[in-house]
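Full structure from sequences and hints, please.
As a plain string of letters, each chain reads:
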Amino acid sequence: MIARALLAAFVLALVLSPASTARAERLIVSVSNHRVTVTPNYSGEELVLFGSVEKDASTPAARTNYDLVVTVSGPRADMVTRRKERVFGIWINTDSRQFLQVPSYLALFSNRPFDAIAAPEVARRQQLGLNNVLLTQRVGPDYADVVPNDPFRSAFVRLRSQHGLYREETSAVTFLTPTLFRTGIPLPGEVPIGTYDVEIKLFSDGALVTKTETAFEIVKVGFEQFVANAARNHGFYYGLATAMMALMTGWMASIVFRKD
Amino acid sequence: MQLYLPIADLPVNVFLILAMGAAVGFVSGMFGIGGGFLMTPLLIFVGISPAVAVASVSSHIAASSFSGALSYWRRRAIDPALALVLLSGGTVGTGLGVWTFTLLRSLGQLDLMIALSYVILLSAVGALMFWEGLRAIMRTRRGAAPLARRSGSHGWIHGLPLKMRFKRSKIYLSVIPVVVIGLIIGFIGAVMGIGGAFILIPILIYVLRVPTSTVIGTSMVLTLVTMVIATMLHAVTNHLVDAVLALILMVGGVTGAQFGARAGQKIRGEHLRLLLGLLILSVGVRFAIELGIRPDELFTVRETGGAG
Numbered sequence: 010m011i012a013r014a015l016l017a018a019f020v021l022a023l024v025l026s027p028a029s030t031a032r033a034e035r036l037i038v039s040v041s042n043h044r045v046t047v048t049p050n051y052s053g054e055e056l057v058l059f060g061s062v063e064k065d066a067s068t069p070a071a072r073t074n075y076d077l078v079v080t081v082s083g084p085r086a087d088m089v090t091r092r093k094e095r096v097f098g099i100w101i102n103t104d105s106r107q108f109l110q111v112p113s114y115l116a117l118f119s120n121r122p123f124d125a126i127a128a129p130e131v132a133r134r135q136q137l138g139l140n141n142v143l144l145t146q147r148v149g150p151d152y153a154d155v156v157p158n159d160p161f162r163s164a165f166v167r168l169r170s171q172h173g174l175y176r177e178e179t180s181a182v183t184f185l186t187p188t189l190f191r192t193g194i195p196l197p198g199e200v201p202i203g204t205y206d207v208e209i210k211l212f213s214d215g216a217l218v219t220k221t222e223t224a225f226e227i228v229k230v231g232f233e234q235f236v237a238n239a240a241r242n243h244g245f246y247y248g249l250a251t252a253m254m255a256l257m258t259g260w261m262a263s264i265v266f267r268k269d
Numbered sequence: 205m206q207l208y209l210p211i212a213d214l215p216v217n218v219f220l221i222l223a224m225g226a227a228v229g230f231v232s233g234m235f236g237i238g239g240g241f242l243m244t245p246l247l248i249f250v251g252i253s254p255a256v257a258v259a260s261v262s263s264h265i266a267a268s269s270f271s272g273a274l275s276y277w278r279r280r281a282i283d284p285a286l287a288l289v290l291l292s293g294g295t296v297g298t299g300l301g302v303w304t305f306t307l308l309r310s311l312g313q314l315d316l317m318i319a320l321s322y323v324i325l326l327s328a329v330g331a332l333m334f335w336e337g338l339r340a341i342m343r344t345r346r347g348a349a350p351l352a353r354r355s356g357s358h359g360w361i362h363g364l365p366l367k368m369r370f371k372r373s374k375i376y377l378s379v380i381p382v383v384v385i386g387l388i389i390g391f392i393g394a395v396m397g398i399g400g401a402f403i404l405i406p407i408l409i410y411v412l413r414v415p416t417s418t419v420i421g422t423s424m425v426l427t428l429v430t431m432v433i434a435t436m437l438h439a440v441t442n443h444l445v446d447a448v449l450a451l452i453l454m455v456g457g458v459t460g461a462q463f464g465a466r467a468g469q470k471i472r473g474e475h476l477r478l479l480l481g482l483l484i485l486s487v488g489v490r491f492a493i494e495l496g497i498r499p500d501e502l503f504t505v506r507e508t509g510g511a512g
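Protein chains in written order, with this note's numbering: chain A, 10 to 269; chain B, 205 to 512.
Bear in mind the hints are in silico, worked out from the structure with no lab data behind them. Where a beta carbon is used, it is the ideal one built from N, C-alpha and C, also for glycine. You can take every hint at face value.
Some chain A residues near chain B, calculated using beta-carbon distances under 7 Å: (1) Trp100; (2) Glu199; (3) Ala237; (4) Gly259; (5) Phe266.
In silico contact screen, one side only, chain B against chain A (beta carbon under 8 Å); selected entries: (6) Leu207; (7) Pro210; (8) Phe270; (9) Leu274; (10) Leu316; (11) Met436; (12) Leu451; (13) Arg506.
Right, here's the structure in full:
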C-alpha cells in the first residue's frame, strides 16, 4: 500500500517536473528502431526519428516558428589524423594530431541552415554544425579544441564525411505540421558498433527553448557477434580455428581436384 | 551479394572477393607461388585496411600452399630435411615479423613500410627474374645450348661449417645459410602479408643449388608453416584476422589455382619466368609511383582504440 502510494507520488512528480521548470514546450520523440542489428547481409540502414512539440497553457500563442537541430553521436574513440609530407622524394606520414574521445559517427540535422537558426555565439555554445562541435585534440601537453579551419581538424571532418560517418544536413528535418517533425538518420555500412546518443534541441527566435535526448544501439548479433567476440577475447582459439579452416580448405581442394 | 565482414567491419561484395581470390589463385597455380603480393594490394584497393588485409591473407596463403604441398608430397617432391631446417629459421623470423608489424602499426608507419618493402623487393626480384627470363629466351633463339652452371661456384657458402646431407635434394650443405634464408623469408612474409615463395625459390635454386625437382614443394612447406604461425600470431596479438574474408579468399584461391596450374604446364619455363618477372615488377612499380607522386589526400585518420 505504502509502495503504491510512493509509486503514485513518483509518477506524479515525473509528469509534473517538465512543467515545474517553467518551460512552455515539451519535446516528445521516438526513433523507429532502438536496436539496429548487424547481420551478414547488413549494408547500412536508415532510421527515422519523429516527434512533436507539445505546448501547454503557458506557451506564447504567437510562437509557431520553431527550429530543430538533431545531433546523433556514435560511440566515442581516440583517433589519430596523420599528414603526409614529401621526405627524400617520397610521401610519408610525418605530423599527426590525436583526437581524444571523439564520436566515431556524428550527424547533425536541422530544418534550415544553422546560421539562420541562431546567432554565431549561440551556435558555438550549443555546438550547432560540424564546425562548432567540440573535437578535443591533444596538442603537446594541452587538451583543446582548435579553430574550425585548423588543417588537421578540417581534414579529420572531411575524411569522416567521405565515409558517411560525419554528416551535416540543414534540410533533413521536415515539419509535417507546425509542431510535428521527422528526420531520417542514415547509417552507412561501415558504421561503428555501439550506443548512439540522439540529442534534439528546439529553438525559437534564435534561442534554445528546450531539449531532449534519446538513444539507440547498433549491435552485432548471431554469427557476426560470435566471430567478432571470438577474435577479440579468444584470440588463440580463433587463430587456431582459422588456421584449421585454412588447412581443411586446402585439403578439400587437393582431394576434389586430385589428378594423380 | 553484399556480405558484412565481422572484423574488417564493412560490407563487401562476395562475388568480387571470390573473383579476386580466383584470379590470384590462377596466377599462383600457374607460377607455383602463394600470390600474397597480389592479394594484399587488391584487398587494400577495395577498402579493407592494410592491417586486416595482411593478417587475413596469411591464412589464405596457408590454405593454397597446403593444397599444393599435399600434391607435391604425393609425388615425393618435398625434401623433409631441408624443409625442417628452413622452418627452424622461418618460425623465428615470423615471430619477429609479427612483433615488428605490431610495433610499426603503433608508430603509424605500417602503411609506409608495407609500401616501401613492396617497392624494393618486388622491383628488384621482378627485374632480376624478367632479365633472367629474357636472357634465356635470347639464348634459345640464337640456338645456343643453355648454360650449364651447376659446378661448385659460390665457394664461401659451400665452405661454411655445420654441413648436413639433404638426401632427397642430393646436396651437401651447411645449415647456416638455410636457417638464415628461412628467417628472412619468415620475417618479410609476416610483415608484408606474403608467402615469400617468389623470393625463396630463386634463392634456393641459384644460391643453394637445390634441384628444381624438390624446390617448389619444399618452399611450399615453409610457406605453409610460416603462414599458419603468422595467422595464429596475428590473431593473438592484433585481433585482425577476418575469418569470413579469409574463407571467401581461400575458396576462390584454391579453385583458381587448379586452373592456373594446368595453364602453367602449357607454357615454356623461360616464358613463365619472364611473365612472372613482369608481373612482380609491375606491382613494384605501381607502389613506387604511388609513393613518388603527390597523393590526392595528404591526411589519413585511424582509430587508436579507447572506445567507451
